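Please take these sequences and the hints and turn them into a complete structure.
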Amino acid sequence: NAGVTQTPKFQVLKTGQSMTLQCAQDMNHEYMSWYRQDPGMGLRLIHYSVGAGITDQGEVPNGYNVSRSTTEDFPLRLLSAAPSQTSVYFCASRRSSGSGDTQYFGPGTRLTVL
Amino acid sequence: AQSVTQLGSHVSVSEGALVLLRCNYSSSVPPYLFWYVQYPNQGLQLLLKYTSAATLVKGINGFEAEFKKSETSFHLTKPSAHMSDAAEYFCAVSVGGGADGLTFGKGTHLIIQP
Numbered sequence: 001n002a003g004v005t006q007t008p009k010f011q012v013l014k015t016g017q018s019m020t021l022q023c024a025q026d027m028n029h030e031y032m033s034w035y036r037q038d039p040g041m042g043l044r045l046i047h048y049s050v051g052a053g054i055t056d057q058g059e060v061p062n063g064y065n066v067s068r069s070t071t072e073d074f075p076l077r078l079l080s081a082a083p084s085q086t087s088v089y090f091c092a093s094r095r096s097s098g099s100g101d102t103q104y105f106g107p108g109t110r111l112t113v114l
Numbered sequence: 115a116q117s118v119t120q121l122g123s124h125v126s127v128s129e130g131a132l133v134l135l136r137c138n139y140s141s142s143v144p145p146y147l148f149w150y151v152q153y154p155n156q157g158l159q160l161l162l163k164y165t166s167a168a169t170l171v172k173g174i175n176g177f178e179a180e181f182k183k184s185e186t187s188f189h190l191t192k193p194s195a196h197m198s199d200a201a202e203y204f205c206a207v208s209v210g211g212g213a214d215g216l217t218f219g220k221g222t223h224l225i226i227q228p
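Line by line, the protein sequences are chains V and R. The opening position of the first sequence corresponds to residue 1 in the working numbering, with each subsequent residue numbered one higher. The opening position of the second sequence corresponds to residue 115 in the working numbering, with each subsequent residue numbered one higher.
In short, the hints are calculated from the structure, not lab data. A hint or two may mislead.
[Said to hold, decoys possible] Ranges of calculated distance between the beta carbons of each label pair, as one might list FRET restraints:
hint : chain 1 : residue 1 : chain 2 : residue 2 : range
1    : R       : Pro193    : V       : Gly16     : 51 to 59 Å
2    : R       : Gln227    : V       : Asn62     : 35 to 43 Å
3    : R       : Thr191    : V       : Gly98     : 24 to 32 Å
4    : R       : Ala115    : V       : Thr20     : 27 to 35 Å
5    : V       : Ser80     : R       : Ser128    : 43 to 51 Å
6    : V       : Arg110    : R       : Pro228    : 27 to 35 Å
7    : V       : Gly16     : R       : Thr191    : 28 to 36 Å
Note that the structure is predicted; figures quoted are calculated from it, not measured. Built from N, CA and C at the ideal position, the CB exists for glycine as well.
Right, here's the structure in full:
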């Protein structure tokens with residue numbers, strides 16, 4: 001199993017540009033989520049999905065959109081990038097919505113918005 | 115809502131010394147608790163988790179943690195530090211019944227002195 005994969009690893013955007021961060025998992029996990037990591041802030045939940053066709057907002061959803069058309073893929077879209085979105089983004093998945101399940105993290109995407 | 119506090123953004127220990135990383139949580143319902151480790155420029159890897167089966171939890175790489183309900187704590191320990199333990203460590207909490215993601219502490223950077 002490849003686990004959770006993310007592309008790209010690095011990205012530089014200009015303010016106002018849009019882009020999609022890709023995330024895929026091959027473990028047939030129901031639950032997927034996106035976090036952002038900022039220095040001294042830990043990780044904060046952006047959006048999550050409990051299954052194909054179902055998404056919901058996390059702690060910091062503004063400026064981001066998600067969709068879940070398949071079990072495997074959970075892309076994160078930035079519609080109009082802002083410098084405040086400079087961060088490291090992690091995608092994660094777990095077997096089900098059960099809170100005791102282990103979450104598996106991807107390697108991250110480092111995004112810089114100029 | 116649940117929260118996590120990690121005491122000490124940086125902890126420095128000598129190689130061979132005891133490692134103690136502190137984590138206190140706040141939750142109105144019985145929590146699930148996790149410790150993750152992040153090596154430089156990598157994603158998060160699960161060290162151990164508490165899911166109410168046993169209060170003393172053993173994890174990978176010689177780490178363990180003890181759940182103390184009366185103290186609302188879940189401190190991480192390792193008897194003898196290795197240089198390879200230098201990393202960022204995150205405590206996280208999740209509560210049962212919902213699809214919420216993990217709530218993370220802000221992290222503790224562990225420095226190992228030779």
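Would you list, in rising numerical order, the hints stated earlier that this structure does not obey? Hint 7 contradicted; others consistent.
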